[in-house]
Amino acid sequence: MRIVIQRVSHASVTIDGNCKSAIGKGMLILVGIEEADGQEDIDWLCKKIVNLRIFDDENGVMNKSILEDGGEILVISQFTLHASTKKGNRPSYIKAAKPDVSIPLYEQFCKDLSSALGKAIGTGTFGADMKVELLNDGPVTICIDTKNKE
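Going by my numbering, the first residue of the sequence shown is number 900, and it counts up by one from there.
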């Protein structure tokens, strides 16, 4: 699984002109799923996300997790995170899992992340044409890939 975390002041996702989900201060997470991904990837990411210290403490130092800060999370499926641009100018998405694999993993990821956070999270709709708005706070943007646990 590959994710991009953006620390936000607020974020929302709109589908067909209707706001599906909106959050205040917290994280917007874009998630891409590969065929080889599974529950182990979900477990590792959920633990990493809720404990990642990217929120300011009382001294203005990024030293607090989303659990400590009380923030919210919005998760958006994003198959284009697995784009290959090695050849030519048209990205290839061959590494992205097909919907029969990725939808159940996306839904499990959202369920498990909500549980790890201790409250409901916002989501988009898998496969929909989504309009995502955010105000990146910092800016803070972090990329994590479960196949490259640095």
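Hints in this document: simulated from the structure, not taken from any laboratory.
Please note that the accuracy of each hint is not assured.
To be verified - Straight-line distance between alpha carbons at most 20 Å, and here's what the computed PhoX-like set of lysine-lysine pairs gives: (1) K919 / K1048; (2) K1010 / K946; (3) K947 / K1046; (4) K924 / K947; (5) K994 / K1046; (6) K985 / K919; (7) K947 / K963; (8) K1046 / K997; (9) K997 / K963; (10) K1048 / K946; (11) K1018 / K946.
Stated by the list, open to error - Each pair of labels, with its calculated beta carbon distance range: (12) Q938 / C1042: 18 to 28 Å; (13) P998 / D915: 14 to 24 Å; (14) C1042 / E1006: 15 to 25 Å; (15) V903 / E1006: 11 to 21 Å; (16) D915 / D955: 33 to 43 Å; (17) D915 / D956: 36 to 46 Å.
Just so it is clear, CB atoms sit at the ideal spot from N, CA and C, and this is done for glycine as well.
Which of the listed hints are broken here?
1, 6, 9
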